[in-house]
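**Q** Spelled out, the chains give:
Number of protein chains: 2
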Amino acid sequence: MFRSEHEFVRWVRGLAGRPSGRVRLGIGDDAALVEETAGQDLILTTDMTIEEVHFRCDLHPPRAVGHRALARSLSDIAAMGGAPRYALVSLALSRRTKRAWLEGFWRGFAALAKRFGVSLIGGDTALVAGRTLIDVMVAGEVSSGKALLRSGARPGDQIFVSGELGLSSLGLRLLKSRRRGRSSGEAAAVRSHLYPEPRCALGRYLSERRLVSALIDLSDGLSTDLARLCEASGVGACVWGDRIPRPRLDASQKSLDWALHGGEDYQLLFTVPPRQVPRIPDHFGRLPLSRIGEIKRRRGVLLAGTDGRFEPLNPGGWDCFRK
Amino acid sequence: MFRSEHEFVRWVRGLAGRPSGRVRLGIGDDAALVEETAGQDLILTTDMTIEEVHFRCDLHPPRAVGHRALARSLSDIAAMGGAPRYALVSLALSRRTKRAWLEGFWRGFAALAKRFGVSLIGGDTALVAGRTLIDVMVAGEVSSGKALLRSGARPGDQIFVSGELGLSSLGLRLLKSRRRGRSSGEAAAVRSHLYPEPRCALGRYLSERRLVSALIDLSDGLSTDLARLCEASGVGACVWGDRIPRPRLDASQKSLDWALHGGEDYQLLFTVPPRQVPRIPDHFGRLPLSRIGEIKRRRGVLLAGTDGRFEPLNPGGWDCFRK
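Chains as they are written, first to last, in the working numbering: chain A, 1 to 323; chain B, 1 to 323.
Chain A extracted, bound-state conformation (with noise of 0.2 Å):
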C-alpha cells in the first residue's frame, strides 16, 4: 500500500492541508504543539499498543502492558521537553480477556501515571473478536516557544544520546529465551524492556536551559528515529560504531546491531550546538549521556567503524509499512 511510514506520513501530511494559524507543529514531529495564551504551548500525542505486534500474553505480564502503553506517549512528551498532564485511553479488549488482566493492566498504568503526575481523565471501551488494541493520547504542556523539534539541527552539531541503546532488545530476547537463572545485567535488562522509563526530566531540563537544537526519543531505533531527525532537518550525520553506548553482556557484533536498529529503548538522542557541548553534563542524575557523532551538511547517515572506515547506516528500525 505504503513503502514505509514516511512515504505515508508525507501522504497524510499533504491531505491534511496546512494546520490553522495557533498550530505550531502539526503531523510528522514526536508530538503535535498548540500555541496557547497563558505561557505554555499544549502538546497532544498518541500512540497505539497492539497485541501481537507490541506485546504477547506468554512474554508481558499485564502490568508491564499497561505501563509500556503509556510510557510509549510520555516518551513522545519528553520528546518534546514538556510535562505530561493528561491521558484519554481507548481499550479494544479482545473477549478472551479476563479481569484479572484488565485489573493488572490498571495497576501497572495507574502507577506509571501517578509518578509522571499524569490524571486519566477519559476514554473509550469495546470488547472486540480480534486481538487487544490499546490507544493513549496524553496531553502535556511546555513553556512558550521552549519546545524541542526534530527540525533544529545544523552542521557541527554534537550528538548525543542518554542511557545504553540496545537494552530493550535484549531484554526482550531473554524474555523469549525462558531462561532461568538470569544474572543481574541480564535481568536489567528484561526489566528496561518491561518497564521502560520515560525520560521526561531530562527532555525538560534540556529545553528549560537551551542547551539543545533538536531532539527525538528513540522508539524506533537509533538508525531509524537519526534518519528522521535529519530528514526534519535537511543534514546528515556521522555516528561513531564504537562511542554507542549498550550493555556490555554480550560483545558480539549483534550488541551493536541491536544498539543501532533495536526500537523501545524510549531514550532521548539530541543534537548540541558546539559552545553548548561543554554544559552537557556526564550524567543527568543516574544516566549517562554520551556523545555518539557530528551532524553534517551532506546528507545521508554514516556509520564509522573502529578501522577509521564508513559505511551507511540505513534504517533498519521498526517501520509498520515495511515487509
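If you are wondering where the hints come from, they were derived from the structure by calculation, not from laboratory data.
Among these hints, one or two may not hold up.
Identical chains share a label here; the pair holds if one copy fits it or two copies do between them.
Straight-line C-alpha distance at most 20 Å; calculated DMTMM-like pairs for lysine to aspartate or glutamate [what the hints assert, rightly or not]: (1) 254 <-> 36; (2) 176 <-> 52; (3) 296 <-> 257; (4) 98 <-> 7; (5) 98 <-> 52; (6) 114 <-> 282; (7) 98 <-> 5; (8) 296 <-> 282; (9) 146 <-> 186; (10) 114 <-> 197; (11) 176 <-> 186; (12) 176 <-> 5; (13) 114 <-> 311; (14) 146 <-> 7; (15) 176 <-> 58; (16) 296 <-> 231.
We have chain A; now place chain B onto it with these hints.
**A** Just chain B, lined up with the frame of chain A:
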C-alpha cells in the same frame, strides 16, 4: 467480565482516583474538561470506530467510515457545548486495506474536519492482522464555566431532543435490505446513517445562552443515554411516547422501538428549567427541537403511552459489555 459499560466506567473511575486540581470533569461524562487560564476550558474526547462493530465494508463506503469516525468525537464536543479545534487519528489498518479505501476514508474525514474548522495535527498508524480500528481524539474549547454537563438536570425540568430519532437505525436497515429504488424519505434515512451531522452549533447556542441544565448526545440510543443523564443528575424522568419525533415512513411499533433504542443519531438531548422553556425555539435553523418529557424526582425512566399508562423504559441501546 463486567455486566455493563456503566459498571466498567465506575470501576476505572475508582482506580483513577480524584483527578488533579484543574480537571473539572474526568471519566464518565461525554468528554473530559480541563480548566485553562485564558477564559477557555479545554475539552478532550476520544472514540473508537471498529470494523464489524461500527461499520461493515460491504455496507459503508470508505468516505462514510471517515466521516462517521470523526463525527462520533465531534458529537461529544457538541454535547459539552464546545467548539472542536484539533484531531489526532490512530489507524490500525487491516493488512487487506487497499490504498483506494484509505483515500476514500481520508476524503470523508477531511471534508467533515474542514466544515467544522478542525485541524488534523497528529496520530499513529499500524498494519494489523485482524480488522481495521480507528481511534479519533478531538480537542475542543468552551468558554470558562459554560460547559454543559450530564449532571445538572433537576425535577420539573423539561426534556427536549433535536431532530428525528431512529433515523440512523432505519437507514442501516435499508442499507442491509439492499433494495433499490428508495423514496426520498428513505434516501434521507440512509444519508443520515452514513453521514450523521454533529450538532456543535446547537450545543454552542444552548451553552452560550445558558438555556439548559443538562445535555447529552444520543449516540447509544434515547433509552440508554437518557438513563445516563438521569443517573449523573440523581433524578428520574418520564417521556411521552407520542411526542418522540421519528421518521413517518413506517407507522408500525418498530419506528418507536428504533426511536427509543436505536443508536448513532447524534442528536442532542437536553433538559430545560421551566422558566427557560419559552426561550427554546421550535426549530434551530432547519432542525426541529421537540419537548418529549419531564425530569422527575423519583429515580428510573418511565414511558407514557397514548392510553395514559406508564411502563418502565429500560436501557436497550448499545452497551459493549452486554451479552
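**Q** Given a CA cutoff of 20 Å, do residue 98 and residue 5 count as a within-copy pair, a between-copy pair, both, or neither?
**A** Classified as between: cross-chain Cα gap 15 Å, same-chain 34 Å, threshold 20 Å.
**Q** Evaluate residue 176 and residue 5 at a C-alpha cut-off of 20 Å and name the case that applies: within, between, both or neither.
**A** neither (27 Å within a copy, 36 Å between copies)
**Q** Can you give me the call for residue 146 and residue 7, within, between, both or neither, at a CA distance of at most 20 Å?
**A** neither (29 Å within a copy, 42 Å between copies)
**Q** Indicate which option fits the pair residue 114, residue 311 if close means a Cα-Cα distance not exceeding 20 Å: within, between, both or neither.
**A** neither (45 Å within a copy, 46 Å between copies)
**Q** Between the shortest in-copy and the shortest cross-copy C-alpha distance, which are at most 20 Å for residue 146 and residue 186: within, between, both, or neither?
**A** neither (38 Å within a copy, 55 Å between copies)
**Q** At most 20 Å between alpha carbons: which applies to residue 176 and residue 186, within, between, both or neither?
**A** Within one copy only: 13 Å inside a chain, 57 Å across chains, cut-off 20 Å.
**Q** My question is about residue 114 and residue 197: at a cut-off of 20 Å on alpha-carbon distance, are they close within one copy, between copies, both, or neither?
**A** within (13 Å within a copy, 38 Å between copies)
**Q** Is the C-alpha distance from residue 296 to residue 282 at most 20 Å within one copy, between copies, in both cases, or in neither?
**A** Neither way: residue 296 and residue 282 sit 23 Å apart in one copy and 68 Å across, limit 20 Å.
**Q** Using 20 Å as the alpha-carbon threshold, which applies to residue 114 and residue 282: within, between, both, or neither?
**A** neither (29 Å within a copy, 49 Å between copies)
**Q** Given a CA cutoff of 20 Å, do residue 176 and residue 52 count as a within-copy pair, a between-copy pair, both, or neither?
**A** within (13 Å within a copy, 34 Å between copies)
**Q** Is it within, between, both, or neither for residue 254 and residue 36, if the alpha carbons may be no more than 20 Å apart?
**A** Answer is neither: 46 Å inside a copy and 50 Å across each miss the 20 Å cutoff.
**Q** Checking an output row: residue 296 and residue 257, CA cutoff 20 Å. Within, between, both or neither?
**A** neither (23 Å within a copy, 68 Å between copies)
Consistency note: the structure conflicts with the earlier hints numbered 1, 3, 6, 8, 9, 12, 13, 14.
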